[in-house]
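These protein sequence lines map, in sequence, to chains D and A.
The working numbering applies: residue 1 is where the first sequence begins, and numbers increase by one.
The working numbering applies: residue 1 is where the second sequence begins, and numbers increase by one.
Just to be clear, a hint being listed does not mean it is correct.
Said to hold, decoys possible - Ranges between beta-carbon positions, derived for each pair: (1) D/VAL101 x A/GLN92: 37 to 43 Å; (2) A/GLY267 x D/GLY83: 53 to 59 Å; (3) D/PHE138 x A/PRO298: 53 to 59 Å; (4) A/PRO100 x D/SER77: 34 to 40 Å; (5) D/THR134 x A/ASP65: 42 to 48 Å; (6) A/ALA413 x D/ASP58: 21 to 27 Å; (7) A/GLU268 x D/GLY83: 43 to 49 Å; (8) D/ARG64 x A/ASP369: 19 to 25 Å; (9) A/GLY391 x D/ASP116: 40 to 46 Å; (10) A/VAL98 x D/GLU108: 35 to 41 Å; (11) D/GLU108 x A/ARG326: 32 to 38 Å; (12) A/GLY446 x D/VAL101: 43 to 49 Å.
What the hints assert, rightly or not - Quick look at which bits of chain D chain A covers, simulated, 3 or more residues with Cβ under 8 Å: (13) 81 to 90; (14) 95 to 101; (15) 113 to 125.
Just so you know, these hints were derived from the structure itself, not from any lab.
We put the beta carbon where it would ideally sit given N, CA and C, even for glycine.
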Amino acid sequence: MTPKVTALPLSGLTSDMGGEYAFWRGDLTLSGQISAPERVVGVGSGARTIGPMPIEIDIAHVARLARLGLDDDELESYRAQLGVILEHAARVQSLEVEPDVEAVHPLEMSNAFRDDEPTPSLDRFEVLTQAPETIDGFFVVPPAMETE
Amino acid sequence: MIAPSLSEAGRLLRSGETSAVALLEAVLETASRTEAQLHAFLTIDTEGAREAARQADAAMVDGIDRGPLHGIPVALKDNMCTRGVETTAASQILAGYVPPYDATVVSRLRSGGAVIVGKTNLDEFAMGSSTENSAYGTTYNPWDLDRVPGGSSGGSAAAVAVGSALLALGSDTGGSIRQPASLCGVVGMKPTYGTVSRYGLIAFASSLDQIGPFTRTVEDSALALSSIWGHDPLDSTSYPGAYPDPTAALERGVDGIKIGVVTELSGEGFEPAVEAATVDMVARLEKAGVEVIEVSLPTFDIALSAYYLIAPAEASSNLARFDGVRYGLRVDGATTEELMARTRAEGFGPEVTRRILLGTYSLSAGYYDAFYGQAQRVRAAIQEDFSRAYGQVDVLVSPTSPTVAFEAGARTADPMAMYLSDICNIPSNLAGHPAISVPVGLDEAGLPIGFQVMAPALGEEVMYQVAAEVERLAGFSHSPSLSGTRS
Numbered sequence: 001m002t003p004k005v006t007a008l009p010l011s012g013l014t015s016d017m018g019g020e021y022a023f024w025r026g027d028l029t030l031s032g033q034i035s036a037p038e039r040v041v042g043v044g045s046g047a048r049t050i051g052p053m054p055i056e057i058d059i060a061h062v063a064r065l066a067r068l069g070l071d072d073d074e075l076e077s078y079r080a081q082l083g084v085i086l087e088h089a090a091r092v093q094s095l096e097v098e099p100d101v102e103a104v105h106p107l108e109m110s111n112a113f114r115d116d117e118p119t120p121s122l123d124r125f126e127v128l129t130q131a132p133e134t135i136d137g138f139f140v141v142p143p144a145m146e147t148e
Numbered sequence: 001m002i003a004p005s006l007s008e009a010g011r012l013l014r015s016g017e018t019s020a021v022a023l024l025e026a027v028l029e030t031a032s033r034t035e036a037q038l039h040a041f042l043t044i045d046t047e048g049a050r051e052a053a054r055q056a057d058a059a060m061v062d063g064i065d066r067g068p069l070h071g072i073p074v075a076l077k078d079n080m081c082t083r084g085v086e087t088t089a090a091s092q093i094l095a096g097y098v099p100p101y102d103a104t105v106v107s108r109l110r111s112g113g114a115v116i117v118g119k120t121n122l123d124e125f126a127m128g129s130s131t132e133n134s135a136y137g138t139t140y141n142p143w144d145l146d147r148v149p150g151g152s153s154g155g156s157a158a159a160v161a162v163g164s165a166l167l168a169l170g171s172d173t174g175g176s177i178r179q180p181a182s183l184c185g186v187v188g189m190k191p192t193y194g195t196v197s198r199y200g201l202i203a204f205a206s207s208l209d210q211i212g213p214f215t216r217t218v219e220d221s222a223l224a225l226s227s228i229w230g231h232d233p234l235d236s237t238s239y240p241g242a243y244p245d246p247t248a249a250l251e252r253g254v255d256g257i258k259i260g261v262v263t264e265l266s267g268e269g270f271e272p273a274v275e276a277a278t279v280d281m282v283a284r285l286e287k288a289g290v291e292v293i294e295v296s297l298p299t300f301d302i303a304l305s306a307y308y309l310i311a312p313a314e315a316s317s318n319l320a321r322f323d324g325v326r327y328g329l330r331v332d333g334a335t336t337e338e339l340m341a342r343t344r345a346e347g348f349g350p351e352v353t354r355r356i357l358l359g360t361y362s363l364s365a366g367y368y369d370a371f372y373g374q375a376q377r378v379r380a381a382i383q384e385d386f387s388r389a390y391g392q393v394d395v396l397v398s399p400t401s402p403t404v405a406f407e408a409g410a411r412t413a414d415p416m417a418m419y420l421s422d423i424c425n426i427p428s429n430l431a432g433h434p435a436i437s438v439p440v441g442l443d444e445a446g447l448p449i450g451f452q453v454m455a456p457a458l459g460e461e462v463m464y465q466v467a468a469e470v471e472r473l474a475g476f477s478h479s480p481s482l483s484g485t486r487s
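In isolation and in its complexed conformation, chain D is listed as follows:
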């Protein structure tokens, strides 16, 4: 079967998303209701409404940040795929949420501290046996900075 794609136009994400939506790819369809999408971001009096986020992907820049040496064909292919995924992911922008609330550990834990007591750690030379190249207990890499 030919995959059929109906994705929300991004320009409509904050103004048109109340009501029914549908999204389907291949043999799976999902549909449902999302409440009207006034989106306020920020804290207290600094709260602001931001407009729909256009999905512009400078894929070469992203690949550089991620240290992934991809060729032009690969970059273009990933750019297209990311576009489809991000259109779906951008639906998070439809939900009206408290601006300063973020998810927490389900057991409401915060920091974990141990006693400040020295304990044995892994053996340095055993750990370094897994490195591609070492010398005298150090990792070996080519020059990290350009020289004059």
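Start from chain D and add chain A according to the hints.
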């Protein structure tokens, strides 16, 4: 021979009717008979397992009983570090990596007398829903060899389904234990976040990852969980408080329990046979004494969207360590940056590359708040939705997967179709709650269907209570046929 359950094997061991060595040899024989078709394992440590089995038997003779896992053959997803045994996360970038330490769950298995058979296949770095993203070849579904076992812990699910292990551990970041359990007709469970140590689990998304058991029965699952969980100072997110007893309520029945049927996890996209099996089980539970309430959790509709921002963001950070310097693959370059970029381009497969790019993008300047920041706020809203629901009911139920096992290759070209496989599972990961999949029947083609029971944080006791009743009512006793055109 169908492998006995873990609890049955334990009884036979203690009565002297079998030994750890005999159990291991039976499991190895099953593996040698099925592996050519299934490819559930990446490594089978025959010698290490035989030595552990001999020691388990010797201890038993000396009157030392290390508990429910003593002498039990166990398989581990290959993203858990095993000292001295290659651990690859099914990635080329970790080919040949031999960890100098054991993950905490592995230490606990060893001290509990378990016999570690080997390391199972997975989607590379646990990213996928079919085990087709493994750099070392796919695993196939033992119920139909033309189909996928689900993923990412597909090797662990398939191994338990055929009996090449009595217990297998997997990891569940967005359904990676429950969905393959459902597709392979076994019990798969994701514990409350923070209850099973992640020390030595190769990290995918640290705020979501959780190790859990695959077993043939619900009782086995509860026994396995009680053996592997507990506070670990080596994991800063590990829960230091009191833990429930997963086995306490297995025989209690469900009279007076309230279950919520999640309305968002039904309808379009769900196969009729899956829906019918779910409706049928809910009706049977009602007859058995539960009160059934329809519950709506509207944020479930955007949980998948939030997940595909949060999980890749964390992955892009966690996977930065694979750089050709510290371990695994190195592809040389003139500068360190070139070495890293070449190593990572060659070492990571397409799905991992896609998620690293996605996560890097959603964390990058200018997009952070609209994508990652908003996804975290949605995550909090999902936690609130769950809290409201658990004000009314004890557990929530749904299908585990919207479909039965799909054909190999059917979704590999379409990432979004693959991602939708986990639509029923992801909310529990985002909230950090426990959930279990129990097989309840077969569709017309003979493929297993799973039923999911979700519970609030540390709600394992009531979750297992309901799961045990689901198992009794379903009476699922089928075995995989190892059929299909690849057989």
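We went through each hint and held it up to the structure:
no.: 1; hint: D/VAL101 x A/GLN92: 37 to 43 Å; result: holds, 41 Å
no.: 2; hint: A/GLY267 x D/GLY83: 53 to 59 Å; result: violated, 27 Å
no.: 3; hint: D/PHE138 x A/PRO298: 53 to 59 Å; result: holds, 55 Å
no.: 4; hint: A/PRO100 x D/SER77: 34 to 40 Å; result: holds, 38 Å
no.: 5; hint: D/THR134 x A/ASP65: 42 to 48 Å; result: holds, 45 Å
no.: 6; hint: A/ALA413 x D/ASP58: 21 to 27 Å; result: holds, 25 Å
no.: 7; hint: A/GLU268 x D/GLY83: 43 to 49 Å; result: violated, 24 Å
no.: 8; hint: D/ARG64 x A/ASP369: 19 to 25 Å; result: holds, 22 Å
no.: 9; hint: A/GLY391 x D/ASP116: 40 to 46 Å; result: holds, 42 Å
no.: 10; hint: A/VAL98 x D/GLU108: 35 to 41 Å; result: holds, 39 Å
no.: 11; hint: D/GLU108 x A/ARG326: 32 to 38 Å; result: holds, 35 Å
no.: 12; hint: A/GLY446 x D/VAL101: 43 to 49 Å; result: holds, 47 Å
no.: 13; hint: 81 to 90; result: holds (count 8)
no.: 14; hint: 95 to 101; result: holds (count 5)
no.: 15; hint: 113 to 125; result: holds (count 3)
In summary, the structure is inconsistent with hints 2 and 7 from the numbered list given earlier, while agreeing with the others.
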